[in-house]
Each structure stands twice: as structure tokens, then as C-alpha cells.
Amino acid sequence: MSVIKKNAPGSNELLMGNEAIARGALEAGVQFAAAYPGNPSSEIIGTLSQVAKEMGIYVEWSVNEKVALEAAASASFAGLRSMSAMKQNGVNVASDFILNLNLSGVGTGGLVLVAADDPAALSSTNEEDSRFISKLGDLPLLEPATFQEAKDMAKWAFDLSESINSLVIVRSVSRISHARGNVILGELPQEKKTARYDTSKIFIPVAAPLRHLALHLKLKKVQETYETSPFNWYVGPEKPELLMVTSGSGWFYSQEAVRTLSLQDRVGILKIGTAWPLPSKLLAKHMANAKRVLFVEEVDPFLENNVKELAAEWSPEIGSWTFYGKSSGHVHPFGEINPDLIINAVSKVMDKPYAPREANYGKKALEMTKSLVPHRDLGFCAGCPHRATFWAIKNALKLDGRGGFVTGDIGCYSIGLGPAGFYQLKTMHAMGSGTGLATGFGQLKQFGFNQPVLSVCGDSTFFHAAIPALINGVYNQSNFVMVVLDNSATAMTGFQPHAGTGETATGSPAPVVDIGKLCSSMGVRVETCDPFDLQGTTEKVLDLVNQEGGVRVLISRRKCALVKAKGEKAAYKVHVDPEKCKGEACGCARLCTRIFKCPGLIWNLEKGKSEVDEVICTGCGVCTDICPQSAIIREENR
Amino acid sequence: MNLSKDPLNLIIAGVGGQGNVMASQLIGRALVRESYYVTIGDTYGASQRGGAVMSHLRISQDSQFSPLIPEGQADLIVALEPVEALRVIAQYGNPSTSAVINSRPIYPTAVTVGEAQYPSLDKIKETIHELARKSWFVDATEIALSLGAPIFTNIIMVGAVAGTGLLPLGRKTYEEVIHESFPGAHLEVNLKAFAKGVELIH
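Quick mapping for you: the protein sequence lines, in order, are chains E and S.
If you're matching positions, the first sequence starts at 20 in the numbering used here and goes up one per residue.
If you're matching positions, the second sequence starts at 1039 in the numbering used here and goes up one per residue.
To be clear, the hints were calculated from the coordinates, so they are not data collected in a lab.
Careful: at least some of the hints might be erroneous.
As the list claims (entries may be wrong) - Within a straight-line C-alpha distance of at most 25 Å, the following computed DSS-like cross-link-like pairs (lysine-lysine) qualify:
id	chain 1	residue 1	chain 2	residue 2
1	E	LYS383	S	LYS1172
2	E	LYS367	E	LYS258
3	S	LYS1172	E	LYS382
4	E	LYS626	S	LYS1161
5	S	LYS1043	S	LYS1210
6	E	LYS592	E	LYS536
7	E	LYS383	S	LYS1163
8	E	LYS464	E	LYS413
Quick caveat, the model's predicted, so the values are computed rather than measured.
Next up, chain E with everything else stripped away, as it sits in the complex (with noise of 0.2 Å):
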């Protein structure tokens, strides 16, 4: 049963961050929600996706987050509250609306967006840090530094945006989205808004520098009321010999490092959860107590930078200080922060020393062991389609012999950049961008460029952001092939539906937009190709690839390992015949467990054969295909 829609004011549960975001939104009335999945942010729409039907609200999965944030901003002009949420990527995507709608102003119903950063890059391509939007576009951000925090934020932020009629940002970071904790629910309210566009009202940015003003004076407002926001708070002896300023997962890391080092009489910890603008009040009457400061966040030096703005502005009256922080290398700038880094950095401040285990055994454990761990590399699941692509693409390139390549994208054949795909990518930025460079590729013959060009995109990517780089192709008559990677899912951030599948964020029918129809209207040449049957897909690309000029798009369609495995039974049983394989004196190279690496196939030492492991292998029967002694024997799966 879902505790998210449960309404038992007071009731402890434990809630993943995002759930507990849906729910604040819940708590606060939402209405409307659209999102495009992204990590760490999926689960914010994906848990309202799964009680939409029930609590009587709308919720989908848009094309893409530009999208995603246009289509909430209007269910907030017609007067109803909304939100979008997405990756830090995302907010990348949005942010030309977003830089358009801080102007604009929002409608009656407040306007929420989440902004879930990604530190170290955990599952994304880059790591940044989206806070900046709100300095840059004027917008009020909020910073969940709990579990508790995130549902209470997101709920009020909806009270804060209709108060102003400004978009209001919550930034989340990967340790508060994807973690999980207490938290107290609240009430869920009954009533519905009825949605309305008033017909006097427009939602324009005209008169820029005009409106410009007017959103510097909303922010005026906003910072007064978040001088005496509950979301601020400080613990800690009244004249502290260190002053920690932090802000989200940051609070959690600085309490555990006074707690370890046994400091608190001695340190004090301002936690800043109203972000931008700060509390400006707040802070001063905090650092005047104090002579040095040491900063904990996530990614960039932000509050860091913009207290160091402020303080220089009160300075000399207030007084001076000593910094430490991102600047100062006691806390880097890049990756993600943890318990130990903040630890280590409030034990060289104050000069405790600190040792996290017996120094003997720590020394021990690490020798020991260092010999018999081996690295997990990342690969391609069992019975992926993606491996039987990746190798027929390689093998028709090999045999084609010009040197040919692949750009890259998004998703989860980014794995392909790797031993799993066989290093066939080439290059990979941001959603849609393999098949935007291949464009260009294309375009270089008069340069002497002779090489065979492939982009791939998955299917969901392609409805992002590769159809524009596509039609671009098409138009300026540029000469490469697409590939699609059709698995009938957004597989890489947790299976979501999108515009191919059929189906809606709530499970309900949806019409099916067929890629292969839209590609064709465009008037090029078109295949589809099942990456199980290896030759074909070869032979297809190949093909493909030996058609010199314009646009070629292949559809390499099957559906998600996963997604399959989660419905239907497995194709296949498939095993080794021991007589048959001739292990390392077959010539082969152990083609199956060196080459084509799928984790279901293992390698029997002792006995100098391959061998299925029964855990592992999901039945999909390609490696039968690729076995020149054809030891590997697939029996249908009755």
C-alpha cells in the first residue's frame, strides 16, 4: 500500500527524499504535474504518477523538460497548483522558458519547479551545480536539508510562489532524493480547484527591463519573509570559535562531524535552507559572533560566494572574518561531499584530531583484501539488447573498413562507450547530441572526410531531443545513419513510459507515436532490424552504411531485458554443452565470455569451459548465435 496518499496526520513513515517531495506537493494541493524522468528526480512525478487516478490530479511524463515546465506553467495560469521536476540536465533544457516565465510571472496557482542535482555524477554525464538558475533568472530557492524538510518545502513553496506570482525552485541533491528517512505526513486536503484562464490576465516578458525591476522588488519581499524562516536554524554555543554555514545534505554531514569530534561547545552550525536570496539579517547577526567560517554544500561555492558578497558589504562594521570552505581547499569543489571529507575538514580547522578506526586494522583490512577484490566494470545486463547492437554494429564496421564510427547519447547504451559495448562510442554530451554532431559529420566530404558515421538514440531520447538534430539532417542533406535503439522504455532512469510505448504516466492507453512513420515522412530511408538475429543487423547496418548520402535511419528494436523479465517468462533455457566446447583450444578466443561479455556466460576455470550461469542469464538465446563450435545450446522455454 502506498503511504503517500495515506491521510494519517502524524504518522511516522520512512520515505525516500523524492517520495517525500510528491507527498508535500500532495500536502499542498497540487493539481498538476509533468515531468521528464531524469536521476536523481525520477521518483518525484513517478510516485504522484502511481495515485494520480485515485487523488483525482493530472500527471505526466512530457517529451521533455521544456516541455514538462510549459505545460505545468499552464495549468498554473488556468489557477491551479503545479510543479515539474527534473534532473540538473533538465533544468539545463527548461531553462530558456524559465528565463522567460521569472518575468512573466506565474498564474494564480503557484508554480513549483524541483531541481535534483546529481553531485559526483552518480547517474548522470555531468555534474553542475542548478542553483545558479535562481541567481540567474531571480527566482526564490528552497534547499531540503531533510527528509522531513523536503515534504515541508515543497509544500510551502507552493504558499511562497502564489504570494509572489514567481516560479519557486527547490533544489534537491542525490542524497536527500534518493536516500531515505523519517518523516512526519501531514494533512491532505479535500478540495479541488476548478481550472480557469482569465481572458484580462497575460503571461508575457514584454517590457523586460521594466518587469526586470519589478522581480528584484518580489525578491525583496521574499528575503524578508525568509528572515525569520523556521527552514534557518542554528545550534551551538552563542560565540562560537568556528561558525559552520551550510545547506542541504550539508547539515546532515556538519551535525555528524561536531558530534564525532565532540564540539559542541565549541562549534555552532547555521543551516540555511532558504537558499536565494539569503537571509541577509539572518546571517549578519550569526557572523557577528563569530571570526571564522567554514562553508558545507553540495558542488559549487554558492552560499560560500554569496555570503562572501554580503560580508564584504558589512565589513568593517560588523567585523572580519576568516574563510574556509571550497576556496580555501578544506572542502573540494568538485564531486561530492561526505561525512569524512566535512569530518576531516572541521579537524583541521580546529585542530582535533581525528581517526576514523584503529589505524592497525584499517591498515590491514585494505592490504588484505586489495588482492581479492576485483573491479565491477558497468555492463550491459543479461540479455540486453543493447550488447547484440552494439555487436553488430562493431562487426559491420570492421568489415565495411573505412574507419567508421559511432557518436553517442543518453541513456543506458552510454554503457557502450565501455568494454560492454565493445568501445564503439565515440562520443557522448547531452540528450540528442549523437545524432546533432552526426549532422555535422555528415557534412564534411568536401573536407576529405571519408568515414562511415552512426549515431544512436534510445527511443525515449529520440522524442526528446533527437528529432530536431534529425530534420536538421534531412534538410541540410547531411550523410550519416541514425540508429534507434528501440527498447520500448526509458529503461536507464526506471522504465517510464513514453510517446512510443502506448501507454500513459498512469497507466492508461495511449496513442502509439510510431518513429519509423515519422522518420519516413521526412522521406528518408528506413529499416527496422531484431539485434537478437546478429546476422541480420550486420548485414543491415552495413548496408546502410554503404549507401553513401543523406539521412539513413535503422530501428533496432527489442524490448528492455528488464522490462521483459518483469512480464514474460524467458525465452529460452540455454546451457553449455561440455563436449562441444572446446574452451581455450577452440581458437575462438572464448569469443562468449571475453568478447561478448554477457554476465550470464562464466568462465569455468578449473575445467577450461564456458558455462551459463542459471542466476544470471535471462534466456534470451543470442550467444547460441555467436559460438563457432555451437556448444551453446538454446531449448525452448516451455
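Keeping the supplied structure of chain E fixed, place chain S upon it in accordance with the hints.
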């Protein structure tokens, strides 16, 4: 029940796809039922595709901790895969750490390719005995297969954790949470998997 230490730190380690998140949630929800503060940090993202994954659980009577356990601070390590126990104890272990370990390996591609060797189970046991205060090796995957599917491994391991008595939870609380989490047809086999896990330790 009182905690033997505050915060009490538990790590569930495994390989992407083994069901770490489900195991950590079951234990976490059982603890919240008993009014503890619980914070869970799971590995999300690309590592879920065959990489080494961990769930950190921080259990406290007085405050919400971060979802990351500092170096050397694990009190209990639960490994769904044997070399993952070694990987985790190296960074998070200390002389008082206990460990419950499933003995069925999942070979990394580096091993199947032949670039790396997988240590023998004897060697793994010897190393864990040297580094942990107390340890249990159990054949959870074999039992899961006997119940019909390898995916029950995680619930069997949760049962084994319950069997150790190292968490401040009675068997009934775990079972209540299993009831909540697996409504309908899946309930019985999961309760059975849990019970088999408890038996592995007794």
C-alpha cells in the same frame, strides 16, 4: 529495545540487480515502526547495471543521520555476494564489525574475461574471520532457487539478519512489514524465504 550503539550502522552490499534496495527498505520500515530514526543511502544510477552496490542504514534513537556511513564505522555488514563483503569491510570495517554473507559468487566481467581472478571461498572466509568480530556464511541463493527463483535471496538474507539478533527488532516486526510489502500471491513465499533465512543462523 535499546541500541547497542548510537548510531548503529548497517551496510547491505551486493551487485546491481540482487535486490539491495528491497532489503534495506524492509529493515528500515521495520525500524521506523519501532520509532527509530532511520536513514538509508542506497546506490542508485549506473552502478545498478552490474556494478557493486551498497545500502547504508543509520539507526538512531535521537537524530536523523546522513545516508553515508563514515570510514571504519560499520557495525554490521550484510553481503548478498561474497567478494562484496571484502570490498565493504576494507573501507567500513573495524574490529567490532559483524558480517552475514551469502556464499554464492556473481562473477565480475573482469573475471570471466580473464583479467582478474575471483578468490576461493576459503580465502574469503579466512579473510573475513580475521577482520570481523563475528561472521556467518550462508547459502541463501541455493535456498532461493529451491523456493523457485534467485530473487528471494535478499529476503532470505533479511531473515538471516533477524536471526543474528544484532538489530533491535523482534521477528514479528519484520513479518508485519513483509505482510505490508507483499500483498496477495507473493506474501506466502516471501514469509517462507524470511523464515528460512532466520533458520540459517539458529
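Hints, one by one, checked against the model:
Pair hint LYS383 (chain E) plus LYS1172 (chain S) holds up; C-alpha atoms about 17 Å apart against a cutoff of 25 Å. Between LYS367 (chain E) and LYS258 (chain E) the CA atoms are separated by roughly 20 Å; this keeps the pair inside 25 Å, and the hint holds. Distance hint between LYS1172 (chain S) and LYS382 (chain E) is fulfilled; the C-alpha atoms sit about 20 Å from each other, no more than 25 Å. Among the hinted pairs, LYS626 (chain E) with LYS1161 (chain S) is consistent with the structure: their alpha-carbon atoms are about 20 Å apart, no more than 25 Å.
Taking the CA atoms of LYS1043 (chain S) and LYS1210 (chain S), the gap is near 23 Å; set against the 25 Å cutoff, the hint holds. Restraint check for LYS592 (chain E) and LYS536 (chain E): not satisfied, since their Cα atoms lie roughly 36 Å apart, outside the 25 Å limit. For the hint linking LYS383 (chain E) to LYS1163 (chain S), the alpha-carbon distance of about 16 Å falls within 25 Å, and the restraint holds. Between LYS464 (chain E) and LYS413 (chain E) the CA atoms are separated by roughly 23 Å; this keeps the pair inside 25 Å, and the hint holds.
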